[in-house]
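Undergrad: Chain by chain, the residues run as shown.
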Amino acid sequence: MLKISASNLNALFDRIAEKQTLYIPVDREPNVSEYKKYESGMTMSKALNTVRSAKDFFFPQTENLAEFKVSGKTIEVKDIRKENEDFVVFGVRACDARSFGILDKVFLSEPVDSFYKNRREHGTIVTMACTRPAETCFCTTFGIDPTVPGGDVSVFFDGENYFFLDNTPKGEAFVASVSDMLEDGDASKLAEVQENTRNIMKKLPLSGLSTDSFGGERLMEHFNSDKWAELSESCFGCGTCTFVCPTCQCYDIRDFDTGNGIKRFRCWDSCMYSDFTKMAHGNSRNSQLERFRQRFMHKLVYFPANNNGEFGCVGCGRCLSKCPISMNIVKVMKALEDK
Amino acid sequence: MNNDTLIPLIGVVTDIRQDTPDVKTFRVNALEGGKVFEHMPGQCAMLSIPGVGEGMFSITSSPTNKEFMEFSIKKCGCLTTWLHAMDVGQQITIRGPYGNYFPVDTELKGKDLLFIAGGIGLAPLRSVINYVRDKRDDYGDVQIVYGSRSKDDLVDYKEIIDEWTADPNIEVDLTIDNPQEGWDGHVGFVPNYVKELNPSTNKTVLVCGPPIMIKFTLAGLKELGFTETQVYTTMELRMKCGVGKCGRCNIGDKYVCKDGPVFRFDQLDALPDEY
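So the sequence lines, in the order shown, correspond to chains Z and H. Using numbering that gives the first Met the number 0, read the first sequence as starting at 0 and increasing by one per residue. Using numbering that gives the first Met the number 0, read the second sequence as starting at 0 and increasing by one per residue.
I should point out that these hints are in silico values taken from the structure, not numbers from a laboratory. Cβ atoms here follow ideal geometry from the backbone N, Cα and C, with glycine treated the same way. Certain hints may be false.
[As the list claims (entries may be wrong)] Short, incomplete list of chain H residues facing chain Z, as computed with Cβ under 7 Å: (1) 49; (2) 236; (3) 237.
Given the sequences, and given the hints that come with them, work out the whole structure.
TA: The following block contains the structure:
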C-alpha cells in the first residue's frame, strides 16, 4: 500500500495546496479542532473530531442563491452561480464521510440542488481511520466501521506512516497526483491497529445501542409514544444539536437588501425553533414537545421511511457532548426502544 | 449549469380583481405574454417580491386556460399585504409548479363530483372546477357547495353567478354563516348544509377550507355514509423550498410540497395528526 511517513505529512500538504485549496483539521485550542484552509506550517489536529461537522464544505451555513435588481415595477434576476474550484478535505472521519451520503439523498434527489452538487463534484474527501474512539461514539450502531472510513481516499495511520487507499475514480486521481511523494510500504501493522480500535469500540458505553426498534414501519407507534413529554421537558430549543449535526439539513431562505440590490440566501435552520413552521394563520408544531419529537422522528423514522431504511444519524456523538441539558438521540433511542 | 428550481422566473401582474374585502385575484403572465409555466389542477407556485418574502400559493386558474395563470390571495401576513398593495404591471418572481394534483385524469375521471369549499378554500378547487367544466364529458354530475362568512366574502362570486350557476350541468349551493340583508340564499355553516343537502354517497368529494370546517365536514360526510377513500383535500403548511428539502412542511414522512398538497383522507389517516 502507498504510504508517507508522519514526518513528511506536511510536505504532502504543501504539495496538495499548490494545486488545490486544502482543508485540514487544526487545533484552535487544545482538543478544540476545526477545519481550516491549509497554510504552510499548520499542524493537523490529533483530536478525534472537529467541533463542527464537515457538512459546511457542501452545505455551508449561509450561501447566496440569487440576486435581484428591483427598480420601479421591474425585477431582474441574476444567476450568480459559478463553477466551484476543486478542493480537498483531509482528515474526515468515517461518521462525517457517511453523512455526505445521507445529505446526497436529500440534495441530489430530483430536483437536484445545483449549489450542493457543484461543491460535491469539486470536493475530494480524504478520510482518516479512527484509532482512539471516544465515549460519545456510536457510529457502529449505524453500521459504520470507523477503521475503514470511506470517502474518495481512506488514510490509515499505524503510528509511524500514513497509508493511502483510493476508493473512487476521484480518489485514484488524487493519489496519482501525489504518488511521487508516496512509496510502497509494509501495511502489515494496520490490521493490528484496526483490530485494536474495533475492540475499543466494543468496550465503549454506547456499543450496545441498537436501531432494531426504529424505522418507517414504527411511525405511528413512536409518534404517539407517551415518552416525548418527559424527554422534551427540559429542551429549550437552542438548536445546538442541529447545528453541530452532520446530517441536519433543514434550511431557511431569506432576502437581504444590500442597498444596491437584493441578495437571496439560504442558511441553516432548525426544526427545534418555534418559528420554523409558523405561518400567518398558525403553527403546525406549537409546542417544544412537537418540535423535539420532529427532530428525532425525522432521523429515526421518517428518513428511513423514505430512504430504504437508512437512518439519518451517523453516531458522531457531537450532540451528546454539546447539548446544554444533556439530552440527546441516544437517550431518546433508549427511552423508545423495545424493552 | 442546469437551471435550479430555487432560482425563480419573472412574471408580470396583468390584472387585479378585488374579490372580497380581503381577497384579491391576481392574473400573472410571462414577460413575453402567455403563461410562465404549465401546471395541473391543485398544484402550487412560489411567488415572491424580492426583499419582502416568498410564499406558496395554489394556482387557482385552470390548466385549460392557455393565456394566463391566476392566484386568489387573502391578505393576512407581510408578503400578502405587499401583494395586495401591487398595481397592474408589477413584476413578481415565480417558480414551480410544485406538488401533486387532484387526480383529474385517473381516479376522478367519470365520477360524480362534489366540491365543498369554505372561504378562501375555494381558490385551489376553482382550478379543478373550471378544468372539469372544460372537459365536461369526462365527468359525471358536478355539485359545488360553497360557503363563507358573508356574501361579501364569497371568492370569485361574479364567476360563480355569471358562469357556474348559469351552467345547467352544474349544481351550485351557496351558503353564508349569518343572515344578511340582500341575501335570500341559504344561511348556515358548510358542514351542516352538506348534511341537509344529503348528497348521494356515489360522489367523489373534494373539500378545502379552514381546518375546523374540513374536520366537521368530514365527520358529516361519514355520517351520511361516505368513506375516507372518496374524499380528497389539499393541505397548506409553511414552505421554503417547495421540493421536499428545506424540511418544514412534513406531516410524518410526507412532505406537503412534494408528496401533497393533495391527499385522500385515508392517506391522511395513516399520518400523524400534526397539521
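Undergrad: Compare the structure with each hint and give your call.
TA: Now the hints, each set against the structure:
{"no.": "1", "hint": "49", "verdict": "holds, 4 Å"}
{"no.": "2", "hint": "236", "verdict": "holds, 5 Å"}
{"no.": "3", "hint": "237", "verdict": "holds, 5 Å"}
Every hint, counting from the list given before, is met by this structure.
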